[in-house]
Amino acid sequence: MALLEVKDLALGYDSHTIVEGLNFSVNAGDYLCIVGENGAGKSTLMKTILGLREPYGGQIVLGEGLKRSEFGYLPQQSIVQKDFPASVYEIVLSGNQGRCGWRPFYNADDKKRTFEAMERLQITDLAKKCYRELSGGQQQRVLLARALCATRRLLLLDEPVSGLDPKVTVEMYELIESLNKEGITMIMVTHDIHAALTYASHILHIGSDIFFGTRDEYTASEEGRLFTDRKGDQP
Amino acid sequence: MIDKLVMYLQIPFVRYALIVGVLVALCSSLLGVTLVLKRFSYIGDGLSHVAFGTMAIASALRVAAHNTPIESALSATGDMILVMPLTILCAVLLLKTGQNTAVKGDAAIAMLSVGALSFGYLIMNIFPTSGNLSGDVCSTLFGSTSILTLLPADLIVCVALSVIVIVVFVFFYNKVFAVTFDEDFAKAIGTRAELYNLIIAIVTAVIIVLAMDLVGTLLISALVIFPAISAMRLFKSYKAVTVCSVILSVFCAAAGIIISILAGTPVGSTIVAADVAAFAVCWLIGKFGR
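Chains as they are written, first to last, in numbering that gives the first Met the number 0: chain V, 0 to 234; chain B, 0 to 289.
Think of the hints as simulated: they come from the structure by calculation, not from any bench.
All of these numbers come straight from a predicted model, not from anything done at the bench.
Heads up, a few of these hints could be off.
[To be verified] Cross-link-like lysine to aspartate or glutamate pairs, in silico, DMTMM-like; alpha carbons within 20 Å at most:
id, chain 1, residue 1, chain 2, residue 2
1, B, 238, V, 109
2, B, 286, V, 82
3, B, 37, B, 193
4, B, 235, V, 53
5, V, 127, V, 82
6, V, 111, V, 132
7, V, 66, V, 109
8, V, 127, V, 109
9, V, 6, V, 53
10, B, 235, V, 132
11, V, 110, V, 69
12, B, 286, V, 208
13, V, 6, V, 132
14, V, 6, V, 19
15, B, 95, V, 53
16, B, 95, B, 183
17, V, 6, V, 63
18, B, 95, B, 153
19, V, 180, V, 118
20, B, 238, V, 132
21, B, 37, B, 182
22, B, 37, B, 153
23, B, 95, V, 13
24, B, 37, V, 82
25, B, 95, B, 2
26, V, 110, V, 124
27, V, 66, V, 53
28, V, 180, V, 164
29, B, 238, V, 82
30, V, 66, B, 183
31, B, 238, B, 182
32, B, 235, V, 82
33, V, 180, V, 69
34, V, 111, V, 63
Generate coordinates for the entire structure from the input sequences, incorporating the hints supplied.
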């Protein structure tokens, strides 16, 4: 049984369907990259997997005892966060909220996870700093640490490197790769096709044609060749 | 001047006013950060107009029920029995329209608040409670001196509601933070964001009804928004901002009430003027102080 299985999923917004007949599965330890043109429905797919949107058809089946509260999520930065007065520690700690249920306060276990996650992402020294004063790369590390508090199994990343400079981008990708090697399953939405071809184990291409398979299968496929060639022209 | 103050403080009415003022200021500042950052401050503004409309209905009912047994049930504190549920209902409705992207949230709020305001004034004209209509309207909009004529019963209601607001806030503090900072993430990891948004809306409604007597319906938003924005100039963590805005708000309310007693100025606008002054100081410190 796969960790996550998507069966005949249809997606859309404002009552028109943009993708239909989506079938793929994610096994524990996989690193799946979702690629496709802008507006193809990459982010909508991610939000549907997270349960933030209802699918227009089909279903998403969770396997191996995975619960929704065990999902980790690295969202695209929203406007609200930009001027929010919050310390790094407060934000990372809030990643434990999913396990709290009705419990009003965080317990010792939650705090331990918080410090471990900050340690893992080398942001312990930033704990008291204000989130809005950090650099883009540091902010992404904070949000990644928060996601690690929520999960040890499955992380969903929505354009994790958008707006980061090239050096920090590489660091971010290497960090995600090392977390994947530690056993966390990754699903990443990206339009950086080169990163997808470098790091992913599986690729899902959505758009007018849908492709799902391993990275090597994708490079050999018609969609893959077309898409990578076109993207390759861009600087 | 000190002698005059000490003399006034020995009067129970003045002490009640100070207690109520401080509690209302404390409660209204608690949710300020959340309301400002969730772009909910417009809901607070809309709700205060709704509260004006329901207040007018409540006083009209009192006129209509004149010389009947119902009249005693609709005494000053009794107004709250009608105003509170109606305002909470509108808070929930506004929240729902704000989430529904098909209906423009701000247009719905404008409709509701302007509608409630004019409807309220209309009702007050048809069923005048006293000969001095413009005085009545003015005191509902800008706060009445009735804060200085509180009865022990009013005090008890106010203290009870304040305690409920504070307990709810402390209990849901971490959840409110999670939902305010990043609603999508909170939902994705299984937090019931809709429920907490609902709680935020209801608590906002309760605070607005509470604060209505103190500063009047037009000035309530100032009580909610100013301390939070002032505190955000100075501090960088959510906890520090919340604590600072509570302290600022309580200080400004106490100062405003004392100044208004000594100088004979209107209570509500004096408090808000103190909040504005505090904001100016915080802004200057934030800009040049570091």
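Are the Cα positions of residue 6(V) and residue 53(V) separated by 20 Å at most?
Between residue 6(V) and residue 53(V) the Cα gap is close to 14 Å, so the pair holds against 20 Å.
Under the criterion that the straight-line Cα-Cα distance not exceed 20 Å, is the pair residue 66(V), residue 53(V) satisfied?
Answer holds: residue 66(V) to residue 53(V) is near 17 Å, not above 20 Å.
Measure nothing beyond the straight line between the CA atoms of residue 95(B) and residue 183(B); if it is 20 Å or shorter, mark the hint as holding.
17 Å, holds
Given the hint that residue 37(B) pairs with residue 82(V), does the C-alpha gap stay at or below 20 Å?
Holds, at roughly 11 Å.
Within a Cα-Cα threshold of 20 Å, do residue 95(B) and residue 153(B) meet the stated pairing?
32 Å, violated
Pair hint outcome, residue 286(B) versus residue 208(V) [Cα-Cα no greater than 20 Å]:
This hinted pair is violated, its Cα atoms lying about 54 Å apart.
Does residue 82(V) sit within 20 Å of residue 286(B), going by the straight-line distance between their CA atoms?
Holds, at roughly 16 Å.
Is the Cα-Cα distance between residue 180(V) and residue 118(V) 20 Å or less?
Holds, because 18 Å separates the two Cα atoms, which is no more than 20 Å.
Does residue 132(V) lie within 20 Å of residue 6(V) when you go C-alpha to C-alpha?
43 Å, violated
Straight-line alpha-carbon gap residue 180(V) to residue 164(V), limit 20 Å
Cα-Cα ~24 Å, so violated.
CA of residue 238(B) to CA of residue 132(V), is that 20 Å or under?
Holds: residue 238(B) and residue 132(V) sit about 17 Å apart, inside 20 Å.
With the threshold set at 20 Å, check whether the alpha-carbon distance from residue 235(B) to residue 53(V) stays at or below it.
Judged against 20 Å, a Cα distance of about 36 Å means the pair is violated.
In this structure, the hints that do not hold are numbers 4, 6, 12, 13, 18, 22, 25, 28 and 34, in rising order.
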